[in-house]
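Peer 1: Sequence:
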Amino acid sequence: MKRIRLLVLAIPAILSACQTGGSRETIAQLRNMKIDIKEEAIQGGLAKAMESYQRFLEETPESALTPAAMRRLADLKIEREYGYLTLPAATQPLTPAPSPSGPAGPQGARGETQAESQADFKNRIGNLPLAETPPPLQGEGWGGDGEKPALPPPIPLLSSPLKGEGRTAAGGGISAGPAEAGTEDLDRAGPREAIALYQQLLDKFPRYQGNDQVLYQMSRAYEELGQTEEAMVVMDQLVRDFPHSPYLDEVRFRRAEFFFVRKRYLDAEAAYKSIADMGVSSPFYELALYKLGWTFYKQELYEDGLQRFIALLDRKVATGYDFAQTGDDQERKRVDDTFRVISQSFSYLRGADSVMEYFDGNGKRSYEDRVYSNLGEFYFEKRRYSDAAAAYNAFAKRNPFHLVAPQFHMRVIEIQMAGGFPSVVIDAKKQFARNYGLKAEYWKHFEPGGRPEVLGFLKTNFTDLAHHYHALYQDPEHLKEKTENCQEALHWYEEFLVSFPQDAESPAI
721 MKRIRLLVLA
731 IPAILSACQT
741 GGSRETIAQL
751 RNMKIDIKEE
761 AIQGGLAKAM
771 ESYQRFLEET
781 PESALTPAAM
791 RRLADLKIER
801 EYGYLTLPAA
811 TQPLTPAPSP
821 SGPAGPQGAR
831 GETQAESQAD
841 FKNRIGNLPL
851 AETPPPLQGE
861 GWGGDGEKPA
871 LPPPIPLLSS
881 PLKGEGRTAA
891 GGGISAGPAE
901 AGTEDLDRAG
911 PREAIALYQQ
921 LLDKFPRYQG
931 NDQVLYQMSR
941 AYEELGQTEE
951 AMVVMDQLVR
961 DFPHSPYLDE
971 VRFRRAEFFF
981 VRKRYLDAEA
991 AYKSIADMGV
1001 SSPFYELALY
1011 KLGWTFYKQE
1021 LYEDGLQRFI
1031 ALLDRKVATG
1041 YDFAQTGDDQ
1051 ERKRVDDTFR
1061 VISQSFSYLR
1071 GADSVMEYFD
1081 GNGKRSYEDR
1091 VYSNLGEFYF
1101 EKRRYSDAAA
1111 AYNAFAKRNP
1121 FHLVAPQFHM
1131 RVIEIQMAGG
1141 FPSVVIDAKK
1151 QFARNYGLKA
1161 EYWKHFEPGG
1171 RPEVLGFLKT
1181 NFTDLAHHYH
1191 ALYQDPEHLK
1201 EKTENCQEAL
1211 HWYEEFLVSF
1221 PQDAESPAI
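Letter by letter, the sequence shown follows residues 721 to 1229 in our numbering.
It cannot be assumed that every hint is accurate.
Simulated pairs of lysine-lysine, PhoX-like, Cα-Cα distance not exceeding 25 Å [said to hold, decoys possible]: (1) Lys1159 x Lys1179; (2) Lys1164 x Lys1202; (3) Lys1018 x Lys993; (4) Lys1150 x Lys1164; (5) Lys1053 x Lys1036; (6) Lys1102 x Lys1036; (7) Lys1200 x Lys1179; (8) Lys1117 x Lys1164; (9) Lys1117 x Lys1102; (10) Lys1053 x Lys1084; (11) Lys1159 x Lys1200; (12) Lys1036 x Lys1018; (13) Lys1150 x Lys1179; (14) Lys993 x Lys983; (15) Lys1150 x Lys1084; (16) Lys1018 x Lys1150; (17) Lys1202 x Lys1159; (18) Lys1018 x Lys1117; (19) Lys1102 x Lys1053; (20) Lys1117 x Lys1159; (21) Lys993 x Lys1036; (22) Lys1200 x Lys1150; (23) Lys1084 x Lys1117; (24) Lys1053 x Lys983; (25) Lys1164 x Lys1084; (26) Lys1053 x Lys993.
Don't read these hints as lab results, they were simulated from the structure. None of these values were measured; they are calculated from a predicted model.
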């Protein structure tokens, strides 16, 4: 049988004690007595608990306990319909909604690491109902923004805040399911009665210290009934009258989501910013930064959006977040989406040049490689091969001794091959061989034995270059360059033998 936490009201026991014949105490003395209120487990389920509170309100004179009893009775009416609704917002787990994934990993220079195409990214990002956790979208449209992603999904505030039957459908209304309209009206009777009780409490006890919780519960009840406009009125009152309420962060965020999904971006901006300005003390700080960045993005204020997205990534670094982690799938997707929208924001400015200017002006970051690789893959999917190669080259040239610099350089070669630029590919292969040959400065920072993938790239480039010039040397159409091509082929064969004298391919070379 369900166990219900019920406030134990000590008044009846005190009254009976006052009626004993040998006592000189009077009822008037009750006003000076301290009333002990505590929670105890009561057997009998919701119905018994509700009956107890109802009887208390009907049979007991109005006292300081009356508003608490009214609130609990209203809470239980909602709990009967949807599940427990009374935990403080700060104690609830945050569950981010699905969002576009797919940036390259920490060594992610390879094109195949882009798990989700730009087209899929566009399809999945759409207008989603407030505070819902929908499955990944399939086939949703862009909303007429061309290449720019449509609205990112609202972040759900709580993990299933109202559990049980009658979960909300899109837009916040109650899902009626197969039930008939009359049954649906009966199902809504409890929340409506609860709202009436909350309103009565607010009207009758305006100074009740728990009125912020009353307003919070009332707004959630309105949302479950699909009456989001009424919920907003209640939330506005909570924000106005209770600036120090523990529910304030969540309510502000819910208001921001309300504005965002209705494309009221200036209002959403102000609401998200009010949370972001509170700093890391707010449990909604990271979510607010994320959605504030999207709010600026939707207004095409890309520089302002970038500041918030970068601030979010800085926060992740400060808290020890591992960008390569795969344990928390939803958190990883949100971080991946952040990298992706950062790169796209830069693409709407001046591409790789804007990225370099940003980090020059705002300081280097440990995750810069991910920004450049995402930008490169964004351009690559659009077949903007020169821009894609420029993004990877920009990072590799600025960070020649970075761990992923060789992978970025190889990705440049792959992109140029895909674009059909053979002469540029040859030049890029030569540059790779010069940058990462075993006598190059790069190996003053790394042990060759610890970078087998780079050695593999190096061998491939040596043999590709040698074979290329060997073929030109033998080609009758290139008789004028015969001697030059012969020397080039010999040079790259010798480079291979000097670098890998004991390799299995060396005898053939």
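Peer 1: Run every hint past the structure and note whether it holds.
Peer 2: To see whether the hints hold, each was checked on the structure:
no.: 1; hint: Lys1159 x Lys1179; verdict: holds, 14 Å
no.: 2; hint: Lys1164 x Lys1202; verdict: violated, 37 Å
no.: 3; hint: Lys1018 x Lys993; verdict: holds, 15 Å
no.: 4; hint: Lys1150 x Lys1164; verdict: holds, 20 Å
no.: 5; hint: Lys1053 x Lys1036; verdict: holds, 13 Å
no.: 6; hint: Lys1102 x Lys1036; verdict: violated, 30 Å
no.: 7; hint: Lys1200 x Lys1179; verdict: violated, 29 Å
no.: 8; hint: Lys1117 x Lys1164; verdict: holds, 17 Å
no.: 9; hint: Lys1117 x Lys1102; verdict: holds, 24 Å
no.: 10; hint: Lys1053 x Lys1084; verdict: holds, 24 Å
no.: 11; hint: Lys1159 x Lys1200; verdict: violated, 32 Å
no.: 12; hint: Lys1036 x Lys1018; verdict: holds, 23 Å
no.: 13; hint: Lys1150 x Lys1179; verdict: holds, 12 Å
no.: 14; hint: Lys993 x Lys983; verdict: holds, 16 Å
no.: 15; hint: Lys1150 x Lys1084; verdict: violated, 29 Å
no.: 16; hint: Lys1018 x Lys1150; verdict: violated, 43 Å
no.: 17; hint: Lys1202 x Lys1159; verdict: violated, 29 Å
no.: 18; hint: Lys1018 x Lys1117; verdict: violated, 33 Å
no.: 19; hint: Lys1102 x Lys1053; verdict: holds, 22 Å
no.: 20; hint: Lys1117 x Lys1159; verdict: holds, 18 Å
no.: 21; hint: Lys993 x Lys1036; verdict: holds, 19 Å
no.: 22; hint: Lys1200 x Lys1150; verdict: holds, 22 Å
no.: 23; hint: Lys1084 x Lys1117; verdict: holds, 15 Å
no.: 24; hint: Lys1053 x Lys983; verdict: holds, 23 Å
no.: 25; hint: Lys1164 x Lys1084; verdict: holds, 23 Å
no.: 26; hint: Lys1053 x Lys993; verdict: holds, 23 Å
The structure does not agree with the numbered hints 2, 6, 7, 11, 15, 16, 17 and 18 stated previously, though it agrees with the rest.
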